[in-house]
Amino acid sequence: MIITLTTDFGLSDPFVGTMKGVILAIAPSASIVDITHDINSYDVMEGAFILDGAYRYFPEGTIHVVIVDPGVGSARRPIAMATQGHIFVAPDNGILSFVLDSDPRPTGTSAYHITNRSLFNSQISNTFHGRDIFAPVAAHLARGAPIDSVGPLIVDYKKKLVPKPRLIRPDTLLGTALRVDKFGNIITNIRPESLKGDFAIRVAGLEIRRRVSNYAEADQGEFFAIEGSSGYIELALNQGSAAERLNVGRGAEIEVETTGTNQ
Amino acid sequence: MIITLTTDFGLSDPFVGTMKGVILAIAPSASIVDITHDINSYDVMEGAFILDGAYRYFPEGTIHVVIVDPGVGSARRPIAMATQGHIFVAPDNGILSFVLDSDPRPTGTSAYHITNRSLFNSQISNTFHGRDIFAPVAAHLARGAPIDSVGPLIVDYKKKLVPKPRLIRPDTLLGTALRVDKFGNIITNIRPESLKGDFAIRVAGLEIRRRVSNYAEADQGEFFAIEGSSGYIELALNQGSAAERLNVGRGAEIEVETTGTNQ
Amino acid sequence: MIITLTTDFGLSDPFVGTMKGVILAIAPSASIVDITHDINSYDVMEGAFILDGAYRYFPEGTIHVVIVDPGVGSARRPIAMATQGHIFVAPDNGILSFVLDSDPRPTGTSAYHITNRSLFNSQISNTFHGRDIFAPVAAHLARGAPIDSVGPLIVDYKKKLVPKPRLIRPDTLLGTALRVDKFGNIITNIRPESLKGDFAIRVAGLEIRRRVSNYAEADQGEFFAIEGSSGYIELALNQGSAAERLNVGRGAEIEVETTGTNQ
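Protein chains in written order, with this note's numbering: chain A, 1 to 263; chain B, 1001 to 1263; chain C, 2001 to 2263.
Isolated chain A, as found in the complex (with noise of 0.2 Å):
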């Protein structure tokens, strides 16, 4: 059984490490991987933007532990949410809002309130319930505990808005900067569909007109934009950091301008 790790605990801390030896105390055959730890710390809405991009790709049934928690140890829930196919482990702050809006299968959601507190580490601090409560919790249900053993069944958790464009003239979208990548490329809100005919992209002062299909065809020193892995719009150079070069960050706002006659 496949357990994914998300959080903001960065890896100079023995905080991941400690989490690995629990869980493998607990399902010494679990396989463990990282998707990443540099999350910003304290946010929420990173992390749940990354896990979307990266969970539909393991098996169905990998059971994902998802921790950027600035309300550890006070009263917000610990949850388990079987969700698309797959199985979440988080506190109730809202980091499951991408994978809850993407493909939404109404019929397929069921969460659960952590407070079994058998399944737990045998002291709980207020600081590292990462240690203490998610990491023990997936490790049973690795081990095959069914999700419903952890607590009670909840119907009202925590669904932040994710950010969508918005219509703002008749032929122009107000997107936003979702994040920015190792390289540079300018990972938006806005779907490839959005693109057809011609098309205008403004941001930071800029207009990008020109999208390629592959990095390498455009020039060098040119922005354009692109359909990046994750299935939004990306705006790119080629070999360079768009992102730095425009001094743009996530949060940004990014509008489009369609002008062409065969959209």
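Rather than coming from a laboratory, the hints here were simulated on the basis of the structure. Note that the structure is a prediction, hence the values are computed from the model and not measured. Hints may contain errors.
What the hints assert, rightly or not - The list that follows gives simulated cross-link-like pairs (lysine-lysine, DSBU-like), each with its CA atoms no further than 35 Å apart: (1) Lys2159(C) <-> Lys2182(C); (2) Lys182(A) <-> Lys2158(C); (3) Lys2159(C) <-> Lys182(A).
With chain A held as given, fit chains B and C onto it using these hints.
Then chains B and C, alone, in the frame of chain A:
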């Protein structure tokens, strides 16, 4: 069998991957877990502290390879040590000091000088004993080689002084910052028992009088003390970096005055 | 079966985790090992050098996925190559040049153009062949698919020139810095055999005449030459960064004059 790795090798060079290749060539079914590879270069005591926070969460019998090794290739000994129910493979430079200091079992510790070259790589460099000695020895132990097969028993292994708070006035302890974590929390060497009753913690010109039980309990921008996940008092800010705001790093002095009557 | 990963993808995005999901969905019992994901973006020859230092420590038959791929989505070919007893899955852009250069076995190398779409993901992006082509092909190979099932044999795979020192005067070699490691050691392309007898190494205005056999042998603040773990001469400082102190990076010129009589 689980083998953990804790080093100052970083993740940009092929050092860690190469060690894993060596281990898997000898012990194909070993589970290898990274604790961290981000120990500050040559900082033996940082490695010692990180290891101590993590190892106890692994199952008994786990083999921990721990390498911060400024003396690599010199006369410093490689050792294998059984203690606290776990096995450690490391240079004999004090990196096991925190492990040995906590919960000592005088009769449960035995250390061996690693000298049995039949357990090493066929070629031994003078600069990378992680690859050529520590990894293959750990792999042979994981495959079932008895610990005393690595070489002769020794009793004069190196143990460095673990920094403890000391009483500088009848009501005042002088402690130190053991580490700053990824979130900017300052991990002190003060134990929660020392904060009974009213108290004033002084660090970098600031006085902290509040202790909370979870981060979210504190107000925005308020410094507070909290029992951290490794069992020490931490100085923190809710969703901010206390270390950055106070410009405090590892080794900083921390004074704890207990003034309360109910201590 | 072991699959290693060497990329310039970094660890902050979900790229690497996603590839692991794809691999485990096809080959659930594969052992996946990261060599590094910190190759400089688009730097094919850095990837080639890193790979060469690591792959030989894995068991024969290991499958190495190596992706630094500025031409992703363009006409550059994906290839699978059997050489040196290992299998490599990579873009055909020279990233296997160091592997091919060292210890060549003219009769042991065979390369195949990956064209068999039945081994790919069902949807192929133009920007992430790591996920859509390289990972699933490696997983199928790990499950036992024969290498010639990926596509036709080719002989015109790309091999870039590996930088070698050259004689610029009867007693003087001109070499180069292949890499700076995490500790600031400057890895040159000079082999230890070239330093027989007395020598003077000139780099960035400094002359180094001392060679030691381990770091601790040198005095504090003294620059020296040492045989590094990858079999090249390295320029180093004891517990300091030679590269930082000399302000020297990859590609820097390194002159080696041998003046001794006993060479």
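Tell me, in ascending order, the numbers of any earlier hints that this structure violates. none
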